[in-house]
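Engineer: Residue-level listing of the chains:
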Amino acid sequence: MSYSLNEMEATAKRAARGAGYSWGLAEEAGKATRWLCAHGLEGEAALARLLEQGLANPADHAPQTLDGDWSGSGMLCPLTAGALVSDLAGRLQTGPIHMREVAVPIALLPFAASAARRLRSCVSVECDGLVAVTDGSDLSVPDGFPETAQHVTVRVGGSPASGCARKTRARPDPANWAVLNRFAHRTFAPATEESRLLGAGAGLSDND
Amino acid sequence: MTAQGTHIARRDPADVMRLKRLGSLHQCRLSFMRILTRRMAREGWAFSRPVFDIDGNGVGRAVYTAQGPERVYSLVAFAHDLPAELRSDRVIAEAWDATFTLFDGIPTAVDVDRLSQNVPLQEAGRVSESELSLSRANRSVRLWAHVVDALAEGRQPDPEQIDSVGYLMRTTAVYGSGKFGAADREVIADRDELQAPFQAEMLSVYLTRLFVRDLVQHMADAKGGDQAARLDPAIARRLGIGNSTGLGMAPFIVNHPVLFNNWIMAREEAIARVRGCQSATAAEIDTFLQILERSAVSVERWRSQHPIQIEKLAQLKADMETLRAHVGSDALREDAPWDRLVRWSETALSEEGQELVASLILEPYPDLVDGLSCCMADGNPGAFTIDGAMPVGEVRSLIRNSFDWALTLDWNAPENCARAWYVSEEKLEPRMGERFEEPIVDYEQPLAPARDAASAHKALEAYSDDQPVAQFLLRHPEHRHTIRRAQMSRVAPYGEIHDNTISASVLPIDMLRAKLSFFGATHFDPRSDRWVRICMYAGAPYPEDLTPDTADLWVYPEVAG
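Protein sequences appear in the order of chains A and B. Residue 365 in this note's numbering sits at position 110 of the first sequence, and the numbers go up by one each step. Residue 596 in this note's numbering sits at position 552 of the second sequence, and the numbers go up by one each step.
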């Protein structure tokens, strides 16, 4: 089935929140998933794989420090690390950002694009030898981008060779879509008769 | 000639963005319905009804097309025979008197068949990228029966009853922007005719009103046969489309701070420009006085059963008397007349009256005001991106700009956090509940920016002014959404509500009214503290009467006599 990118973003945001990310990072997860889908990549598959790994806790999966190479006590979460790349885009002008042990590194690409837009220059993401390049709008990404990366380097430079074709719809694999919806469901309060009556404010007659 | 000169600053967000004032806003020249009708008239849009296949029980389908200079749009309507016990305005309803979608182009029979399997189901169905909206409407039971019966018996409906309701059908949701599979806003945002906010939705409602007029005549003809009367065009014109709006719209204005800012800022800029006029010509004063009289008729026709609105309406009616007496003198012939009028209104009128004055002074000045309509969409996706290099001291100052008042509030006091916003698993409907009485805290949505700002400001105390905020975000991802909003406020000074959206006394209807006033709605009629009925397009010309002369001021009823 085809979904609007708006539906994809909303579902991804809720799913990330349901998986324990902060609201701010959940917003970012929504935009990142949408961006991947708009570039013809399976953003929902990447997010589903990531959420199932349970890397939302920053104590273990955020960089321990922003100085030197970025690494966590566990695998680095690409949403947390990616958001910091976008936040610190200016730092790329003085040198690359190196990361170690990154989960689902394809999820870094939308944040690299955000950095590219802020810097008005191309940004490359090298994962264990494979290089993706974005100018903020276009993206070229090699086949076989790894499931996890031992070494990631984000740097200014490169040029997107043959950009991904843009999509205005997402066609998620039903199994991945179901994973996102399962996480998203955790954000919904169970319906009760009380909330049905009071929560939306019954008030005066609605059938007159 | 209008003498331009004095620079008047836009009003302070600390005053404008209070909930009580937002809950007193009125439509103006920048309302989305008026932007649309002005454009359609200016560009000479053509309208047709290629399909009207509805039986004597009122069941069937119809297609209405609107042809603009570059593109055509079609309302696809399905009429149903709804048992009375199923009729509900609430979002939890599962059946309606009529259901609609706005199709991008002219639908084929295959398209209409596909839509007939989905549109009547609303949230339980799917539409596609060819559809721009999804909506439904229910009859006003009282007025529908009265109009059908009267016309069927060969007479016109009673004007008193027409005015007491104002519409034959009311929409209970108009979904757009990618909902339930429809095209994303981004697909249409670059089209001139849909660049301003909610133009596809406003077009769908305009065409819905046309369909409803045709349907009621069709039903009267079916019932009355040869003796049925034609609905008097003057009566038809007074009929709008009602709308019931629930809590879902309140989170919208919190979740789209840049977009909401652009609406408020466009109106505030328009007000500042008009206040900056050094003098007003006789023609400009005359326009204002005429519109004021017509506005008074609209206020007289405004009815509500809700105690809060009854009181506000009584104040507004008194305000109208005070205002008419004031401008009846030579007040508008002095220099800087509109600035003087606004300043006077702040001392003499209620907030309802003050905001009515602020909207009405824009009417004589289309050249100063109407061009601002192109600034009301959100074309700044970059505002989402956080600048992590920003020093903590600057972030602190941005938070204080919008939320200084919130930093000293005791956010643990029950009255200050009595409510919590959540999303129910039932139709994913936004709701507001009692934090201390219902099991909803684990599901709370981030719809209390003031509380969250106070909390982030407290956490920032451990950081020095010159540290980059990225250091803070690394340790405190829970404040990320708040830091984003604070940075957005640089481009969106009117993006934050300067009030507590979770207090024991919060009235969500204030947030609903703020949004609906920009649609161009009139006759706000709260049905509780969290849903409201309104009227849209009452007085608007139908396509056969739509010309540049009729396209704009229809929102103000003609003065009798």
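Honestly, the hints are just simulated from the structure, not real lab data. There may be inaccurate statements among the hints.
Claimed, not checked - Mimicking DSSO-like on lysine-lysine, the simulated pairs with C-alpha atoms at most 27 Å apart in a straight line are:
1. A/K286 to A/K422
2. B/K64 to A/K422
3. B/K64 to B/K559
4. B/K471 to A/K286
5. B/K64 to A/K286
6. B/K361 to B/K471
7. B/K64 to B/K267
8. B/K502 to B/K223
9. B/K361 to B/K223
10. A/K286 to B/K361
Engineer: So, for every hint listed, does it hold in this structure?
Structural biologist: Okay, the hints, checked on the actual structure:
Taking the CA atoms of A/K286 and A/K422, the gap is near 15 Å; set against the 27 Å cutoff, the hint holds. Of the supplied pair hints, the one linking B/K64 and A/K422 is violated, its CA atoms being roughly 43 Å apart against a limit of 27 Å. Only pairs whose Cα atoms come within 27 Å are accepted, and B/K64 paired with B/K559 is accepted, the gap being roughly 13 Å. Taking the CA atoms of B/K471 and A/K286, the gap is near 23 Å; set against the 27 Å cutoff, the hint holds.
A threshold of 27 Å between alpha carbons decides the hint, and for B/K64 with A/K286 the separation of about 33 Å lies outside it, so the pair is violated. At most 27 Å may separate the alpha-carbon atoms for a hinted pair to count; B/K361 and B/K471 exceed this at roughly 40 Å. Among the hinted pairs, B/K64 with B/K267 is inconsistent with the structure: their alpha-carbon atoms are about 48 Å apart, more than 27 Å. Note on B/K502 and B/K223: the hinted pairing is violated, with a Cα-Cα distance of about 38 Å set against a maximum of 27 Å.
Distance restraint check for B/K361 and B/K223: the Cα-Cα separation of roughly 40 Å exceeds the 27 Å cut-off, and the hinted pair is therefore not satisfied. A threshold of 27 Å between alpha carbons decides the hint, and for A/K286 with B/K361 the separation of about 48 Å lies outside it, so the pair is violated.
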